[in-house]
Every structure is written in C-alpha cells, then in structure tokens.
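Undergrad: The whole structure should be built from the sequences, with the hints applied where relevant.
Protein chains: 4
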Amino acid sequence: MIQPDLPRKERERLRQREQMLAAALDLFSEKGYHNVSMHEIAQKAEFAIGTLYKYFENKEDLYKALVREVSDQFHTALVQAITEPDDVVEKLRNYIKVKGAVFRKNAPFIKIFFAETQGVSFNIRSGLDRELRERYTRFLDRIALIFESGMKQGRFKRIAEPYPLAVALDSICNGFLSFWLESPERHPFPEDPNVILDILFKGLLNE
Amino acid sequence: MIQPDLPRKERERLRQREQMLAAALDLFSEKGYHNVSMHEIAQKAEFAIGTLYKYFENKEDLYKALVREVSDQFHTALVQAITEPDDVVEKLRNYIKVKGAVFRKNAPFIKIFFAETQGVSFNIRSGLDRELRERYTRFLDRIALIFESGMKQGRFKRIAEPYPLAVALDSICNGFLSFWLESPERHPFPEDPNVILDILFKGLLNE
Amino acid sequence: MIQPDLPRKERERLRQREQMLAAALDLFSEKGYHNVSMHEIAQKAEFAIGTLYKYFENKEDLYKALVREVSDQFHTALVQAITEPDDVVEKLRNYIKVKGAVFRKNAPFIKIFFAETQGVSFNIRSGLDRELRERYTRFLDRIALIFESGMKQGRFKRIAEPYPLAVALDSICNGFLSFWLESPERHPFPEDPNVILDILFKGLLNE
Amino acid sequence: MIQPDLPRKERERLRQREQMLAAALDLFSEKGYHNVSMHEIAQKAEFAIGTLYKYFENKEDLYKALVREVSDQFHTALVQAITEPDDVVEKLRNYIKVKGAVFRKNAPFIKIFFAETQGVSFNIRSGLDRELRERYTRFLDRIALIFESGMKQGRFKRIAEPYPLAVALDSICNGFLSFWLESPERHPFPEDPNVILDILFKGLLNE
DNA sequence: GATGAATGAGTTTTCATTCAT
DNA sequence: GATGAATGAAAACTCATTCAT
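Residue numbers (my numbering), protein chains in the order written: chain A, 1 to 207; chain B, 1 to 207; chain C, 1 to 207; chain D, 1 to 207.
Simulated from the structure, these hints should not be mistaken for lab results. Hints should not be assumed to be uniformly reliable.
Pairs involving identical chains hold if they fit within one copy or between any two copies, as the list cannot separate such chains.
Stated by the list, open to error - Heads up, simulated SDA-like pairs for lysine to any residue below, C-alpha to C-alpha not over 20 Å straight-line: (1) 105 <-> 180; (2) 54 <-> 37; (3) 31 <-> 131; (4) 59 <-> 34; (5) 152 <-> 93; (6) 105 <-> 18.
TA: Below is the structure:
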C-alpha cells in the first residue's frame with residue numbers, strides 16, 4: 001500500500017497516517033462516528049491530538065479519508081474481479097467470490113460502507129456518499145454491461161433489463177453479507193458462488 | 001391513527017405527540033440523529049423544549065418511539081400483504097407491491113429504517129436494532145415458508161433453499177428502493193411487481 | 001394550632017396550608033432544599049401545583065414560612081421553659097429539658113434549624129437567617145439574664161460574663177443534639193439535665 | 001502548600017488548581033453550593049469552563065476536593081495543637097487558641113465546614129460528610145483522652161464523662177466561632193483561651 | 001515538527017412559575 | 001377557586017479545534 005520508492009520522510013508520514021486511520025476504523029466501526037472523540041482516536045493511535053490534526057483537517061476529513069481509502073481498495077478489487085475472466089458467467093462468479101472475500105476480510109468496515117453507499121451516512125452532510133454512490137452506480141453499469149454482452153452472446157435470456165439485473169445481483173450479495181455480518185455462524189456467506197448465481201440463472205417457476 | 005372515541009384531552013395529547021414525532025422524523029432523516037438537537041425538534045414541532053420532555057423522557061426515548069411507531073406500521077402492512085392472498089405467487093407479488101408502496105410513501109423514514117435493520121444504528125447502544133432485526137428475521141422466515149410451500153405444491157423448483165430465497169427477494173426489493181430513494185426519477189421502483197419477480201421466476205441462463 | 005373560632009372557609013385554608021408545610025418539611029429535611037421540586041411537594045401534599053402557588057408566592061416563600069412556623073413553636077416553648085420556674089437553677093434545668101424534648105420531637109427539622117441559625121442557610125440569600133438569628137440573640141440575652149440574676153442572688157460565681165455563659169450553655173445543648181441527630185443510639189441526649197448542667201456548675205479543675 | 005521541588009509543569013498545574021479552588025471557596029461560602037454555577041466559578045478563576053473540567057470531574061468532585069483540602073489543613077493543625085504540649089491543661093488551652101486562630105483565618109470556609117460536620121451538607125448525597133464526621137468523632141476521642149488522663153493524673157475531677165466533656169468543650173468553641181462569624185465586632189472570639197476554659201474549669205455554682 | 005493544555009460553543013436536561021380552562 | 005399543561009431560562013457537561021511551547 002505504501003509505495004516503497006518514496007523518500008524516507010514521506011514513507012514515515014504515510015505509515016503514521018495508516019496507523020491513525022486504522023485506529024479510527026476500529027473505533028468508528030465499534031461505536032459509530034458520533035460516539036468516538038478525536039482524543040480517543042489520537043490515544044488509540046498513540047499520537048498527540050495535535051499530530052492527528054496535522055494529518056487531517058478535522059474529524060469529518062479523517063472520516064472521509066478513511067471511507068475513501070477502504071472504498072478504493074474495495075473498488076479496485078472488484079473491478080479486477082470482473083475484468084480478469086473472459087467469460088461472462090465467469091466474470092459474475094468471480095465477482096461474487098471476490099466481493100464475499102473482500103467484505104468478509106474487512107468486516108469492521110462493512111457497516112460504514114453500507115451506511116455510506118446505502119444512504120444512511122453517519123454524517124449526512126458530508127457529501128462523501130454522493131461521490132461514492134456515483135462510482136458505485138458506474139460500477140453497476142459495468143456489471144450491467146456483462147449481462148448485456150451475455151445476452152448479445154446468446155448466453156443469457158433477457159428476463160429483465162441489464163441494469164436492474166445488476167442491481168439485483170449486487171443487492172443479493174449485500175443482503176447475504178448483511179446477515180453474515182450480524183451472525184456469521186447462523187448466516188454464513190456461501191462458499192460456492194453458484195448458490196447465489198443459481199437464484200438468477202435458474203428459473204424458480206415450474207411451468 | 002388517533003382513536004376517535006378517546007376523551008378530548010387524550011386525543012389532544014396524541015395529536016401533539018404525533019406532531020413531535022413528525023418533526024423529529026423530518027429532522028432525523030434529513031440530518032441524522034446526532035446532528036439534530038432537542039431544541040431543533042421542539043422548535044420545528046412548535047412546542048417549548050419542556051413540553052417535548054413531558055412526552056419523551058429523553059432524546060433516545062424519542063428516537064426509539066419514532067422508530068418503533070413506524071416499524072410497527074411497516075410490519076403490520078407487510079404481514080397483511082403476505083397473509084391475504086391464498087396463492088403463493090400472489091403472496092410474493094403482493095409483498096413486492098405493498099413493500100414498494102409503503103416504503104415509497106414513507107421515504108424520509110426509510111433511511112432510518114435501513115440504518116436500524118441493517119446494523120448501522122445511529123445510536124448503537126440503543127438495543128432497539130436488536131429487537132427490530134429479530135422481528136425482521138422472523139418475518140423473513142414467513143417469506144421462506146411461502147417458498148417452501150410453493151415447492152411442496154410443485155409450483156416452485158428448489159433452485160435454492162427457501163430462506164436464502166427469502167433473503168434474496170427482500171434484498172432485491174431493498175436494493176431497488178435504495179436506488180429509488182437516491183434518485184426517484186433515474187431509478188423508479190417498478191410499478192409492475194413482475195419486473196422483480198421475473199428475476200427469480202425465470203431462468204437467466206440459456207441452456 | 002388552628003384557631004377554632006375562625007370561619008369554616010378560613011379553617012379549611014389553614015388546614016391545607018399545614019398539609020403543604022408538612023409535606024415540604026418531610027422532603028426538605030430528607031433531601032435538602034435544592035433537591036426537592038415544587039412538583040414533588042405538591043404531589044406529596046396531594047394538591048395541584050397551582051394550588052401550592054395560591055398559598056405560597058414561590059419556593060423561597062414556602063421555605064421561609066416553614067422555617068418561621070417551626071421556629072415560632074420552638075421559640076414559644078423555650079421562652080415558656082425559662083419563664084415558668086422561679087428559681088434560676090430550675091430555669092436552666094428546665095431549659096435543657098425542654099430544648100432536648102422539643103428538638104428530639106422535631107428531628108427532621110433540626111438540620112434545617114441549625115442551618116438557618118448557624119449561618120449555613122440552604123438558601124443564603126433568603127435573609128431569613130438574619131431575622132431568626134436576631135431573635136435567637138435576643139433569646140440568649142434572656143438566658144444571660146438568668147445567669148446575671150443568679151450571680152446577683154449569690155447563687156452563681158462570676159466565672160465568666162453572663163452572655164458568654166449563655167452561649168456556652170446553648171452551644172453544649174446544640175452539640176449534644178447534633179451528635180444525637182447523627183446517631184441517636186451512640187449519642188443519646190441525656191435524660192437528666194444535670195449531666196449538662198454539672199459541666200457548668202461543677203469545677204473541672206482540682207485545686 | 002505547593003512543593004517547590006516539583007517539575008515546572010506540575011507546579012503550574014497545582015497553582016491553577018489552587019486558583020480554581022479559591023474561586024470556588026469564595027463563591028460557595030458566599031452563595032451556597034447550589035446557587036453557584038460552574039460557569040461562575042470558571043469565570044471568577046479566569047479559566048474557560050472546559051479547563052475547570054480538566055481539573056475536576058464534575059461539580060461535586062470540585063466541592064469535595066475543596067472541603068477535603070481545607071479540612072485536612074484544619075485537622076492537621078488541630079492534631080498538632082493537642083499533641084505538642086505535654087501538660088493536659090496546656091493541651092486544652094492550645095487547642096482553643098489554635099482552633100480560634102485557624103478558623104478565624106479561614107472564615108469563608110467555616111460556613112461550609114460547619115455545614116459538612118454538622119450534618120446539613122449542601123449536597124446530601126455526597127457521602128463526604130460521613131467521612132469527615134467520622135474523622136471528627138475520632139478527633140473528639142483524642143480530646144476525651146486528654147480529659148481522661150487529666151483525671152487519672154488527679155488534675156481533673158470527674159464532673160462528667162470524658163467524651164461528653166470533649167463534646168462540650170468543642171461545642172462551646174464552635175458556638176463562639178459561629179457568633180464571631182456572624183458579627184465579629186459584637187462577638188469577638190476571646191483572645192485569652194482561659195475565658196473559655198474557665199467555664200469548664202471553675203464551678204459556676206456557689207455551694 | 002510534535003505536543004497537549006486551553007478554549008468555549010453547543011448539547012441535553014431540569015424545574016420554578018404562569019395562566020387558560 | 002382549583003387545576004396541571006406549557007413554558008423557557010439556566011444548569012452541568014462534552015469535545016472539536018487551536019496555538020504557544
């Protein structure tokens with residue numbers, strides 16, 4: 001994550017930044033944005049409060065940086081997941097697999113992520129959600145494109161428009177992840193992506 | 001909502017309570033729990049701050065009352081939606097229709113509702129989310145039962161287990177609603193429930 | 001206490017007033033002036049808050065009335081105690097006896113009384129203490145007079161000036177009462193007034 | 001009071017604490033605990049309200065610190081007063097002298113002190129009074145011991161039990177101090193401790 | 001460049017008092 | 001004349017942010 005070819009000073013700076021963000025993530029995801037004070041974060045990150053403010057203009061800025069940072073990771077991983085495979089079905093399968101893996105590895109952050117992308121921002125004025133949702137929407141466009149090209153290839157039937165299909169697929173993933181987050185044992189996220197895929201692929205109705 | 005056969009005093013009390021809850025809902029959904037002060041709520045409801053405290057012990061109590069009140073309405077409507085029709089398919093279709101209608105009519109509240117049921121409670125300590133999620137889980141059991149009996153009747157194929165199917169169906173609805181909430185024109189919630197239902201009913205894959 | 005020859009209405013008014021004062025005394029002595037609300041008093045006295053304000057202009061007025069009322073009783077009893085006996089020694093003995101009896105019977109009030117007469121008024125601005133202390137000082141003059149005339153009669157030696165002697169005698173009583181108030185069993189107020197009187201009467205020093 | 005060999009920072013901290021306590025003492029003794037706001041104290045001490053809260057957790061904590069601080073000084077001085085002289089009579093004489101001096105020098109605090117040790121705590125729940133009274137009781141035991149040993153030495157007659165004698169002696173001092181507090185000119189505290197001592201030492205009664 | 005003491009605006013909550021019914 | 005709902009000033013306390021060292 002930290003570029004190794006930066007000047008030593010700069011590398012040190014970034015490492016400190018990471019530490020602060022890590023402390024903030026821990027606290028925010030545990031107690032919620034408004035129930036965490038800047039002092040708490042500084043203390044947990046083992047820096048003076050003034051130092052914290054050297055890195056982030058204010059609390060909101062710190063929060064935004066945190067969300068952006070992790071969202072970027074997510075986004076990168078997911079874009080890669082649907083880019084690498086050539087086959088449309090494989091793209092979808094990989095998407096589910098990677099999304100499950102990435103989210104489960106970042107459990108503490110998911111709450112915050114859902115909050116931001118589903119419109120219930122901790123800090124509603126922040127405007128961050130707008131940006132993220134925008135990117136999220138554009139990402140769904142790419143998923144929709146997969147459905148679209150699958151249809152053109154004759155692999156998929158046009159049971160619905162591509163964009164709604166993309167929304168549906170992603171919503172199902174989110175739904176499962178949300179339940180997994182709540183009680184991982186009672187609601188494990190399916191190891192096999194086909195469990196989710198089949199819901200779309202196979203027709204429920206017996207005709 | 002207000003019983004018409006109550007003593008005048010009591011009716012007046014309830015009307016005032018409603019006004020306060022309405023003001024609180026407006027503000028909470030616009031700015032978030034922590035960014036709204038009790039003074040603001042009192043002002044918007046056009047009561048003195050002391051009067052507000054006559055009706056609600058404290059801020060958290062007011063918030064809980066609000067969430068509970070509307071959640072109850074939602075729950076009642078949704079239970080009715082899946083109870084009235086006899087046919088399993090009709091139950092599902094009606095569920096989508098009613099959920100869409102109820103949520104769209106209560107847009108300001110949805111943010112809060114999602115926050116509470118999806119684990120990003122504004123007020124993490126409240127314990128209210130627990131109760132609501134529990135009821136939500138039990139409600140999904142009822143949806144699962146519809147899939148289950150549809151399978152037994154030979155109407156549905158067992159493309160997945162009933163509970164995951166229930167999660168999937170509801171997640172798709174939530175996904176659409178979430179997008180509708182963000183930009184109602186760009187992402188209208190489908191008037192025709194079949195748009196959503198077909199995603200489950202029809203097989204996407206061409207074999 | 002309530003004059004029997006007053007018009008019925010007036011008698012009723014006075015009875016209600018007494019009830020309010022009684023409730024207030026209970027609460028004030030238990031929890032202190034500032035930790036008791038007017039609502040509490042009204043509730044305990046079983047009147048509406050508005051009615052309470054018909055009888056007393058405000059909280060301070062109620063408090064003053066209460067202190068004055070009981071102080072008057074105390075004062076009357078103590079004046080009588082030193083008036084009735086003819087003999088100077090008997091006057092003093094009777095004073096100790098009556099003071100002990102009156103105070104012990106009004107235990108809840110003593111704290112308040114001491115507060116007011118010893119300068120630690122709950123409500124320092126009240127100015128009530130001034131008036132009470134004035135009367136108290138004048139009362140001590142009467143005690144001093146007893147010592148004075150005892151000296152003139154040759155019954156007492158002039159071991160100190162009469163007024164300091166009066167202060168001393170009364171302080172000793174108060175000291176004992178204060179300890180009794182704290183733990184009645186460990187520090188009983190002496191049944192026999194001579195226990196206190198002897199401290200003055202007999203010389204401690206062996207010459 | 002402030003150790004001169006502490007690090008500069010620490011010394012500065014203590015000086016500020018003293019300033020806050022001094023302001024609080026002034027206000028509390030003038031207007032009473034409940035009639036003084038934290039803002040007032042901060043203002044008088046010339047600090048921001050937040051700084052006040054850096055030093056004391058809350059209002060009660062500040063009050064307790066204040067009472068404890070000065071009580072400790074009093075206690076130390078009085079214990080020394082009865083410890084230093086060898087002779088029992090000299091111990092008592094010194095006690096009266098020192099108590100008079102210490103109390104007169106701390107007039108503003110006496111009101112509070114009496115309040116706490118005589119059971120009319122401003123803040124009834126504080127529990128501080130309990131602790132102080134306990135120590136006060138134990139201190140009176142030490143005075144009683146002086147009377148006791150004086151009796152064993154044949155210096156004192158057993159005109160009463162030692163503990164009541166201790167109560168009496170101290171109550172007389174308090175009585176005089178209370179009157180002095182009210183009007184220092186009308187009721188000066190006797191320069192010569194014998195004025196008080198003689199009341200105990202010499203027999204009033206002419207036999 | 002790091003530090004953390006100091007700041008004070010802003011929040012929740014209480015309660016004495018009023019006045020329309 | 002009693003009632004008690006409504007009022008809002010004032011209190012305790014928190015915490016994001018600044019800036020002198």
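Undergrad: Taking each numbered hint in turn, which are not upheld by the structure, reported in ascending numerical order?
TA: The structure conflicts with no hint, since it agrees with every one listed earlier.
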